[in-house]
Structure formats: structure tokens, C-alpha cells
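Protein chains: 2
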Amino acid sequence: MTQTRPTAAMLVIGDEILSGRTRDSNMNHLAKALTEHGLQLAEARVVADDRDAIITAVRHLSGAWDYLFTSGGIGPTHDDITAEAVAAAFDLPFGVREDARALLQAHYDRQGMELNEARLRMARIPEGACLIDNPISAAPGFSVCNVHVMAGVPAIFEAMVASVLPTITGGAPMLSQSLRVDKGEGDIADTLGRLAAAHPQVSIGSYPFYRNGAHGVNVVVRSQDAAAIDAVMAELHRHFAQGA
Amino acid sequence: MTQTRPTAAMLVIGDEILSGRTRDSNMNHLAKALTEHGLQLAEARVVADDRDAIITAVRHLSGAWDYLFTSGGIGPTHDDITAEAVAAAFDLPFGVREDARALLQAHYDRQGMELNEARLRMARIPEGACLIDNPISAAPGFSVCNVHVMAGVPAIFEAMVASVLPTITGGAPMLSQSLRVDKGEGDIADTLGRLAAAHPQVSIGSYPFYRNGAHGVNVVVRSQDAAAIDAVMAELHRHFAQGA
Chain A
1 MTQTRPTAAM LVIGDEILSG RTRDSNMNHL AKALTEHGLQ LAEARVVADD RDAIITAVRH
61 LSGAWDYLFT SGGIGPTHDD ITAEAVAAAF DLPFGVREDA RALLQAHYDR QGMELNEARL
121 RMARIPEGAC LIDNPISAAP GFSVCNVHVM AGVPAIFEAM VASVLPTITG GAPMLSQSLR
181 VDKGEGDIAD TLGRLAAAHP QVSIGSYPFY RNGAHGVNVV VRSQDAAAID AVMAELHRHF
241 AQGA
Chain B
1 MTQTRPTAAM LVIGDEILSG RTRDSNMNHL AKALTEHGLQ LAEARVVADD RDAIITAVRH
61 LSGAWDYLFT SGGIGPTHDD ITAEAVAAAF DLPFGVREDA RALLQAHYDR QGMELNEARL
121 RMARIPEGAC LIDNPISAAP GFSVCNVHVM AGVPAIFEAM VASVLPTITG GAPMLSQSLR
181 VDKGEGDIAD TLGRLAAAHP QVSIGSYPFY RNGAHGVNVV VRSQDAAAID AVMAELHRHF
241 AQGA
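If you're matching them up, the sequences are chains A and B in order.
Positions 1 to 244 (the numbering used here) are the ones given, in order, by the first sequence.
Positions 1 to 244 (the numbering used here) are the ones given, in order, by the second sequence.
The shape of chain A in the complex, shown without the other chains (with noise of 0.2 Å):
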């Protein structure tokens, strides 16, 4: 039986990746882990380090689906907002919380390292929000309402989506199967839209590759019903694995 899955959204906020310095790798990562435990990243964005634009998408997007995850501007310097703009969102009190403090007292006394004023700002944590280790740097993220937000540097943010994905409850994994068909996309489009239409249950994606001067597809079944994908996969190799 299929199942509803949860839906989410993530929320990617900086500068450098609309500008073209940085290449996001969070998004992708996201991706695949909501996709094996059960949730369903239904859309993504990307904003600016800009106040009201990041208000204006955490308003809409944790409004829209049943979780909002956010990536950037959580550090210590003049353009990481995010913290501030996701309090405003809400309308929540904003400020330095004793326990963000704390955390990050004793990490900068391990390491010799004073807690500036600089990095203080990384213990503004809006009131109520649950604070999200950060086993790399200590500078905390954190989970307010149905929004978990987290750092942009790639290993603080993997380490963070672990210790958060637990605490949600997902639906089913979605399964999949693919088949690599050795001809045009265009020859098999139509096999592939009539099985779509007769096994709404399953998602049949295509997608065509062109290597060594040959076209070629990856045909991939996906469902949270691995009967209707085995049914799918055998009309599949019917149709196409011994040249037909």
C-alpha cells in the first residue's frame, strides 16, 4: 500500500551560492537522507543573505509543508542573519541563550580561544527553539516550530541532519529500481508513459545519458510498494532488456 509521506522543504540561504563561488552541496545531500527516512523534499529554494527575503521564504515554506530545513548564515560574522530572521518569522524574543553560551564557552576554553563578542553571536537562539548539536564546531543550530535550522559548511550540516532526522518520524522509505535501456529517449517514451498511466501507484523517471557517442536512458521506478515496482520492472524488461 502506499503510503502519505511527509513532505519537507529546505531553504538554502547565501550569498555565494547565487553568485556562482560556492557550488551547494547540502541540497543534494538533504535530499537523498529525507529520501531514506520516509520524507518527501518537495520543493527547494535559494535566497540571499537578505533579511526580508529569508523571512518571506521560512514564512511560506515551513507554512506550506510539514517541515522546513534551512542551510547558511548561522556564523559569527556581519552577514549571518539567518538566526535573526527566523526569530522575526515567528515573532519570537531573540537573544543570547545561557545554554548556547555555555556550549560555547567550553568549547573555546578547550581549544585556548577566546568567546569574542563576534562569536557570541552564535549564542542568539530564539526563545523556545531547541538547540541542534554541532559535534565539529560547537556553535549551535537549532528547531523551532517545524523549522531546523543549520550550519552551511557541508560536515557541520551532514552532522546536524543526522542527529535531527531522528527525532522525525517518517512515512514509508520510497524504493526504487532502475533499468538502463540502450536507445533514444525519445524511442521509449511512449512504453513508458503508457506503464506510468496503468501503475499510478509507482513514479517512472527517465533519464537520458549520452556516452561513448551512444544515447542511452536510466529508466527508475520509484515507490513505496515494492511489489508494483517488481510489476513495473518486469514490463520493463519485457519491452526493452533483450532488444525488443
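These are computed hints drawn from the structure, not numbers from a lab.
Misleading hints may appear alongside valid ones.
Any copy, or any two copies together, can satisfy a pair, since identical chains are not distinguished.
Listed next, the in silico SDA-like pairs over lysine to any residue satisfying Cα-Cα at most 25 Å (straight line) [to be verified]:
{"#": "1", "residue 1": "LYS32", "residue 2": "PRO154"}
{"#": "2", "residue 1": "LYS32", "residue 2": "GLY20"}
{"#": "3", "residue 1": "LYS32", "residue 2": "THR22"}
{"#": "4", "residue 1": "LYS32", "residue 2": "ARG21"}
{"#": "5", "residue 1": "LYS183", "residue 2": "ARG23"}
{"#": "6", "residue 1": "LYS32", "residue 2": "GLU127"}
{"#": "7", "residue 1": "LYS32", "residue 2": "ASP99"}
{"#": "8", "residue 1": "LYS183", "residue 2": "HIS215"}
{"#": "9", "residue 1": "LYS32", "residue 2": "CYS145"}
{"#": "10", "residue 1": "LYS183", "residue 2": "GLU158"}
{"#": "11", "residue 1": "LYS183", "residue 2": "ILE81"}
{"#": "12", "residue 1": "LYS183", "residue 2": "SER203"}
{"#": "13", "residue 1": "LYS183", "residue 2": "HIS78"}
{"#": "14", "residue 1": "LYS183", "residue 2": "ALA102"}
{"#": "15", "residue 1": "LYS183", "residue 2": "ILE229"}
{"#": "16", "residue 1": "LYS183", "residue 2": "ARG110"}
{"#": "17", "residue 1": "LYS183", "residue 2": "ASN116"}
Chain A is already provided as a structure; the job is to place chain B on it using the hints.
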């Protein structure tokens, strides 16, 4: 003098990006190309192969920014619905266009392949749109209103960007210089914040890294005003370059 740059948005269309199966590379390519051409990528979104989601995003993004560039969903299969969704977004008549059909017919004739019904889907173009040349597999993109609709396959997307961008008047290109500082981001954040406040015509970005056991930061100064960048770089060198 700082000039206003035209603004742009990108819409990436495809279930395979949101499931994590495929890692998008078109956004980073477009971001760099726009920056070089003097346009500002202001926002990017990823949506599923879903007609309503595409229509809503196309209407919003084409209204909010000067240009919209889309990627994906213009192939021959059942889930390639971008062209019809864009036509619907602007209430334009939509069907097989003879100029697009002629391009495809010539291409498949050369290849000794059949222009079948599935492939003919790729000749469906909104009325009034201009075709965008596809030097790789012939199926054209198109430009309508301020929206440029392009393929998702990276090599084709990149070729289409290269043919579209010269038709768009960019602003003065964004210039940048950078300095690597071997300190923690929290150690330099205060200085960066003061420089950013004193030089509003430049954008100062700070990108921490962790390499070989040591923290460091790449500081990137961006502006359309080369002299303003030089002034800030001189300050950065004075503060940081000599282990200050």
C-alpha cells in the same frame, strides 16, 4: 560608480533533483555565467515535475525579477511538462510549431531515426516564443516574455545559456578579489563587520574552511567598483596579512 544590475531567478524542474538521485549542476553554471555577464541571480527554486508547482513558480519568479531561466522537463517523456506549464502560466496557445518540427525532422533524418509521436512532443512551443538553439540534440528551448526555458541535461543547458546570454543586456560585471586569512572566522568577524558598514558599496563575504587541522577564512570582496574593492583589500591586508 555602482550600477544596478538586472536581476534574474532560476527554476530547476525535476523530481530527480528533489529525490537526491541527481545532483543539480546547472544552478552553479548559470550563477557563474550571470555574474560574469553583469546580471544578479537573486533567487533559485527547485520544484517537482508538477504542473501546478511549475505554473505558480513561473508566474511568481517572472514577475518578481527581470529574467527567469528554467532548467529541465522539456524532453519527450510523460513527465516532461515544462513547456505546457509555461504556456499555461502566461495563458498562451500551445501546440506543435512548424519551425520546431522542421528542426527535429532534419535532425532525426540525419540520424536515420524516426520523428515519432513522443519526439514530436518536443516541437510543442508556446505561441509567440522564440526558439533557443540546441546544437547537441536539436530539440529547442524557447524564450517567452522574460522566461528562458532550457534543457536539464547539463551539456545542452550550458549550450543554451551560451546562446541566450548575448541577447540580454547585462550591467557592469561584478568584480571580486579575495584574501585567505589563517585565523578563525570569529577572530576576524568584528573587523569585517566594521569594514562592511564603512564601505556599503562593496559586499564582503567570509567563507570559513578547515584544512590540515587549522581553521582559516577566505574573505571575498565584491563590487562593480574596482577602486572600492582596492580600498577594502588594502584595509584587509593591513589588518590580517602580516599576522596582525
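Here's how the hints hold up against the structure:
no., hint, result
1, LYS32 to PRO154, "both (14 Å within a copy, 21 Å between copies)"
2, LYS32 to GLY20, "both (23 Å within a copy, 5 Å between copies)"
3, LYS32 to THR22, "both (20 Å within a copy, 10 Å between copies)"
4, LYS32 to ARG21, "both (24 Å within a copy, 7 Å between copies)"
5, LYS183 to ARG23, "between (32 Å within a copy, 23 Å between copies)"
6, LYS32 to GLU127, "neither (31 Å within a copy, 39 Å between copies)"
7, LYS32 to ASP99, "neither (32 Å within a copy, 41 Å between copies)"
8, LYS183 to HIS215, "within (6 Å within a copy, 50 Å between copies)"
9, LYS32 to CYS145, "within (23 Å within a copy, 35 Å between copies)"
10, LYS183 to GLU158, "between (38 Å within a copy, 24 Å between copies)"
11, LYS183 to ILE81, "between (50 Å within a copy, 21 Å between copies)"
12, LYS183 to SER203, "within (20 Å within a copy, 49 Å between copies)"
13, LYS183 to HIS78, "between (53 Å within a copy, 17 Å between copies)"
14, LYS183 to ALA102, "between (61 Å within a copy, 23 Å between copies)"
15, LYS183 to ILE229, "within (21 Å within a copy, 53 Å between copies)"
16, LYS183 to ARG110, "between (60 Å within a copy, 17 Å between copies)"
17, LYS183 to ASN116, "between (62 Å within a copy, 14 Å between copies)"
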